[in-house]
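Asker: Chain A is already provided as a structure; the job is to place chain B on it using the hints.
2 protein chains.
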Amino acid sequence: MALIKPSIPKGTRDFSPKEMVKRNYIFDTIRSVFSKFGYQEIQTPTIENLSTLTGKYGDEGDRLIFKILNSGDFLAKVDAQKLQAKNSDSLVSEISEKALRYDLTVPFARYVVMHYHELSFPFKRFQMQPVWRADRPQKGRYREFYQCDADVVGSASLLNEAELVLIYDEALTKLGLKDFTIKLNNRKILAGIAEIIGKPNLIVDMTVAIDKLDKIGLDGVCNELKERGFTQTDIDQLKPVILLRGSNAEKLVQLRSILSTTAIGLKGITEIEQIFSYLEYWPLERANVELDITLARGLNYYTGAIFEVKTNEVSMGSIGGGGRYDDLTGMFGLKDLTGVGISFGADRIYDVMEELGLFPQAVSQGSQVLISNFDSRAETYALPLLHQLRAKGIAVEIYPTPAKLKKQMSYANDKSISYVILIGQDEMQSGLLTLRDMRTGEQRKLSIEQIVATLIY
Amino acid sequence: MALIKPSIPKGTRDFSPKEMVKRNYIFDTIRSVFSKFGYQEIQTPTIENLSTLTGKYGDEGDRLIFKILNSGDFLAKVDAQKLQAKNSDSLVSEISEKALRYDLTVPFARYVVMHYHELSFPFKRFQMQPVWRADRPQKGRYREFYQCDADVVGSASLLNEAELVLIYDEALTKLGLKDFTIKLNNRKILAGIAEIIGKPNLIVDMTVAIDKLDKIGLDGVCNELKERGFTQTDIDQLKPVILLRGSNAEKLVQLRSILSTTAIGLKGITEIEQIFSYLEYWPLERANVELDITLARGLNYYTGAIFEVKTNEVSMGSIGGGGRYDDLTGMFGLKDLTGVGISFGADRIYDVMEELGLFPQAVSQGSQVLISNFDSRAETYALPLLHQLRAKGIAVEIYPTPAKLKKQMSYANDKSISYVILIGQDEMQSGLLTLRDMRTGEQRKLSIEQIVATLIY
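Protein chains in written order, with this note's numbering: chain A, 1 to 457; chain B, 1001 to 1457.
In short, the hints are calculated from the structure, not lab data. One or more of the hints may lead you astray.
[As the list claims (entries may be wrong)] Listed next, with one range per pair, are the computed distances between beta-carbon atoms:
(1) A:Arg136 x B:Thr1454: 16 to 26 Å
(2) A:Leu243 x B:Gln1425: 47 to 57 Å
(3) A:Gly393 x B:His1117: 28 to 38 Å
(4) A:Ser318 x B:Pro1402: 27 to 37 Å
[To be verified] Partner residues aside, some chain B positions facing chain A, computed with beta carbon under 8 Å:
(5) Pro1009
(6) Glu1048
(7) Leu1091
(8) Ser1120
(9) Lys1183
Note that this is a predicted model, so its numbers are computed, not measured. Yeah, the Cβ is synthetic: ideal placement off N, Cα and C, and Gly gets one too.
Excised from the complex, chain A in its bound form (with noise of 0.2 Å):
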């Protein structure tokens, strides 16, 4: 067997403990605010059917798409002139059938399509697995990351995106963030706005163009709309809609004037404000609700709402997203099947809360007592009291061999362990105890019976 320096690949990584109990606390949350509004947790195979997944991520999408390669011998039925033209996009179909899950939408909608007759609707899931993408790594962006979702399917009232707004709103507030902002659009209200000025089919090229305002400005964004074939009496009538300003009121008050000859418009203006009414009777804990018609999001995707969440805490891209689709089964033939749906980005919410340092401390422990071993009798000693502990629920570890107390002291360190139960000489005689504290270095000498109470308290 080969020695080998041992690698991961690029753009993967190994979780050490300290990071699983923080990711884990963090999923843990989410899934708990998921479950609570009657959200259920479904999971979906690693590996899908190539056919499954191709063409439901656009050419790109499907060139970063993972695929496997057949088990034995897969050359065998390929053939040779094939082999001899070396067009590897023309050879993948015959020598892979099986590809990584790329996301977990269309792994759903497949889910949904050949579960169908068991699932009552509306249908509320929510799964969190990994998805592989065979992007370029670069910071913050690796090539297998979790996803966190939460869809219904199978009904068209609002009162599921109202509800999705509180989720976010529930769970990134237990988390900790203080203040983030959940911006919400709606696709037909863009779909007005073309349609006022007379372009209803440059409705993308409209909304890549404003959804960059933030970042170059009004003029760059009226530069990017004369490129992309809008003129300047188009532009002048987009410019009040850009520069949108006001309570979410004010801009709904806007809005219902300039798209008062649109009916889309008008229904994409309606279908906020009854979202906006049914938050009324719901106070949010720390989210901030924002109209931002220049929120676009892989707009060819949504129908109807779209969401966004940003920290306003740090500088970070959006910590979350989704929106409403109406045919989410279509591209597995089940038509009309609506659907409106939210994603966490766990990978960043993860350096947010590392950044704020938001992760309570409890989080990092590990076992919370260790006893000392230092030589067989006291780890006789040990023994029985190790029972007595973890008969009480308490997670305690002994020291396995019989060490040198300073190396003991440094393992209860680096996992963070809170106490440690010193047993020598005076401790067995006595039947007393030293209990170190391990975060303020107090050590008492305590009965068994009052270890348990510090301990379980």
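Answerer: Using the frame of chain A, we list chain B on its own:
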């Protein structure tokens, strides 16, 4: 976009909500016990370098590893002649550099070597992640399945072995198993036996044969031993070992006499005795621990203790196994790091629990309560109530559109929701809402405070 009837690759599975809550129940229980004993969670990437995995699982294993096709123009640098040869085996390394995790052990070894300087030893880690094998799928054998491993490396202490027995006992007892056996053996005892009969090189043949005692009986084992190169004299010497009966203590006495002239055999006995003597301090809950010298389990891998767990309540293969290995990381150039670990067979445990009806009823619950929705007035009436209940931490949902009673009740039933709050004309007038207990069908008119009290209890 072509319409395709969707399917998933053979040997993979979707997990629907009812399965997920049960699977999570198993994983959460095992996780909590691992943590209680000081084991810390890590995760490694789904994708490893193919070179990390190749050669670690034998030729058959190498074939069963799922390989990932290189991204982009994967044929560009492939030699034209090599392509024409149409030799799949030799082409693999040219067009694939990455592969799916095949087990958790090799990635763990790779992890320990890569992170050696950050780790504090003894390092106790657990890992619960899926693995993939291109095996022929059959009942109970999947191409994607979870492994749940706990290992401690960097400690030769037999306390670790004893604690792993405790972990099996506590986790399986918590899951509701009432009668199971943890079989224990030691590779050194097997080596001693092979030494005694003068065939140390035939240790693998010997153990493969005697491992089959349960299946093919004593005569079958003797025949197989003959076929594998053992003489009648050898077999006469082996028989008393194979037929070893009695309590663990009695077996050890007999073994000590049989193996009295082999140092390694006696070492094995001493190790087993030490583990049993640790266990005397710790009353087990439901586990029987049994010395079984026919137990081998991937013998070439293990160097000391060998574990296997079987339920005695239903007919099922082993639901767990493990052992000590003295050179886990040697394959990556880090010598002499000893370790011992165990694994839970989550899929089989799931099947056992299903068969015995061990999943607690609460585990199948989604939301605790559904609020009915008969018309927009009732919906509006319900909105503040939703907020009130959620503020109390109650998992509550509202049926998102006005619908017939029957439809809403069947929705609640399908989701195993315990209570439905019915809000009609009467309820809105009186402020007393109808709370229906879905398990008993009982309906009561209650104030909101009374409902909260009922739900929180």
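Asker: It remains to establish, for every hint, whether it holds in the given structure.
Answerer: Against the structure, the hints come out as follows:
In this structure the supplied range 16 to 26 Å is violated for A:Arg136 paired with B:Thr1454, their Cβ-Cβ distance being about 56 Å. Between A:Leu243 and B:Gln1425 the beta carbons are some 49 Å apart, a value that agrees with the proposed interval 47 to 57 Å. A C-beta distance of roughly 34 Å is found between A:Gly393 and B:His1117, which places it inside the suggested range of 28 to 38 Å. Our hint of 27 to 37 Å for A:Ser318 and B:Pro1402 holds, since their Cβ atoms are close to 34 Å apart.
Satisfaction of the interface hint for B:Pro1009 is found here, the shortest Cβ-Cβ separation to chain A being roughly 5 Å, below the 8 Å cut-off. Taken as an interface hint, B:Glu1048 checks out: its beta carbon lies about 7 Å from the nearest beta carbon of chain A, inside 8 Å. Given hint, B:Leu1091 at the interface with chain A, holds; its Cβ is 7 Å from that chain's nearest Cβ, closer than 8 Å. For the restraint placing B:Ser1120 at the interface with chain A, the shortest Cβ-Cβ distance is roughly 4 Å, inside the 8 Å limit, so the hint holds.
Violation of the interface hint for B:Lys1183 is found here, the shortest Cβ-Cβ separation to chain A being roughly 23 Å, above the 8 Å cut-off.
Going down the numbered hints, you'll see the structure goes against 1, 9, while the others check out.
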